[in-house]
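Undergrad: Listed below, chain by chain, are the residues.
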Amino acid sequence: QKEVEQDPGPLSVPEGAIVSLNCTYSNSAFQYFMWYRQYSRKGPELLMYTYSSGNKEDGRFTAQVDKSSKYISLFIRDSQPSDSATYLCAMSIGNTPLVFGKGTRLSVIA
Amino acid sequence: SQTIHQWPATLVQPVGSPLSLECTVEGTSNPNLYWYRQAAGRGLQLLFYSVGIGQISSEVPQNLSASRPQDRQFILSSKKLLLSDSGFYLCAWSGQGYADTQYFGPGTRLTVL
Chain A
-14 QKEVEQDPGP LSVPEGAIVS LNCTYSNSAF QYFMWYRQYS RKGPELLMYT
36 YSSGNKEDGR FTAQVDKSSK YISLFIRDSQ PSDSATYLCA MSIGNTPLVF
86 GKGTRLSVIA
Chain B
483 SQTIHQWPAT LVQPVGSPLS LECTVEGTSN PNLYWYRQAA GRGLQLLFYS
533 VGIGQISSEV PQNLSASRPQ DRQFILSSKK LLLSDSGFYL CAWSGQGYAD
583 TQYFGPGTRL TVL
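Sequences listed follow chains A and B, in order.
Just so you know, this note's numbering puts 49 at position 64 of the first sequence, and the rest follows in order with no gaps.
Just so you know, this note's numbering puts 576 at position 94 of the second sequence, and the rest follows in order with no gaps.
Keep in mind the hints are simulated off the structure, nothing from the lab.
Predicted, not measured: the structure shown is a model, and the values here were computed from it.
Only true hints are included.
Here are a few chain A residues that sit away from chain B, every Cβ distance over 10 Å (derived from the structure):
#: 1; residue: E0
#: 2; residue: S5
#: 3; residue: F46
#: 4; residue: S53
#: 5; residue: S54
#: 6; residue: P66
#: 7; residue: A95
Mimicking SDA-like on lysine to any residue, the simulated pairs with C-alpha atoms at most 25 Å apart in a straight line are:
#: 8; chain 1: A; residue 1: K87; chain 2: A; residue 2: E(-10)
#: 9; chain 1: A; residue 1: K(-13); chain 2: B; residue 2: G523
#: 10; chain 1: A; residue 1: K87; chain 2: B; residue 2: L528
Pairwise CB distance ranges, derived in the manner of DEER restraints:
#: 11; chain 1: B; residue 1: Q555; chain 2: A; residue 2: D(-8); range: 35 to 41 Å
#: 12; chain 1: B; residue 1: Q578; chain 2: A; residue 2: G1; range: 41 to 47 Å
#: 13; chain 1: A; residue 1: K(-13); chain 2: B; residue 2: H487; range: 30 to 36 Å
#: 14; chain 1: B; residue 1: D553; chain 2: A; residue 2: Y24; range: 25 to 31 Å
Using N, Cα and C, we set each Cβ at its ideal position, and we do this for glycine too.
Isolated chain A (complex conformation) (with noise of 0.2 Å):
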C-alpha cells in the first residue's frame, strides 16, 4: 500500500462547477497537509498548506483534513478555465521530507 493514494483523473468539469478533489494516506503520524498547483510545464505552486483537522478556507479553495479517516480534500468552488492544472497532495510527519501523491489532472471547460 503506498503513503499516499491520488486518483491521477483526468477530471473534467464544465466552468462553474465545485472540484473535489482527495487523497488518502496510510501512515496516521503524518501531521501537516498541502496542495500544490502545476500548470503543464511547470513547477508547483503552493496553494494550502494545513497541520490540523478540519477547513481551511482561501478564496475559492477549502482545503478540508479528516485524520480519524486519513483522509484530505481540495474543494474549488466556481472553477474556472485557468484552474486547469494538475493538483498535487502533500504531507509531512514533521521531521522527513515532504510525501507526495501523484496527483490529479484538472480540466475545467469554458
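Keeping the supplied structure of chain A fixed, place chain B upon it in accordance with the hints.
TA: Just chain B, lined up with the frame of chain A:
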C-alpha cells in the same frame, strides 16, 4: 522575497554524455534544498535533499549525484546519462523544518536521446 532559479530550462543530451543542472536560491539563508524528477505521467520522485553545505541525502540509488558547494546552491550531476534519465527536474527549497512548505523552481526539461 525569496526566489529560486534553475538552469538550463531545457536540455537535449545524447546517451552517455555528462549532466550538470544548477539551482540557486535568493533571499533566504540555510535552506533545505531538494531535487525531484517528474517523469511523464508519473508523480514527483525525490532524488536528493540537503540540510546544509556538503550534507546530501540520497533517496534513490542511480547514476545521478548531487552537491551543495554553497549555502544556496544545489547541483545535480551525472557522468553518463541513460535514456531513463529523461524527465522534468525540479529543485525546491524549504525552511529548516521538514514540515515547512516547499517552494519549487521553474524546472529543467531533460531529453536524453
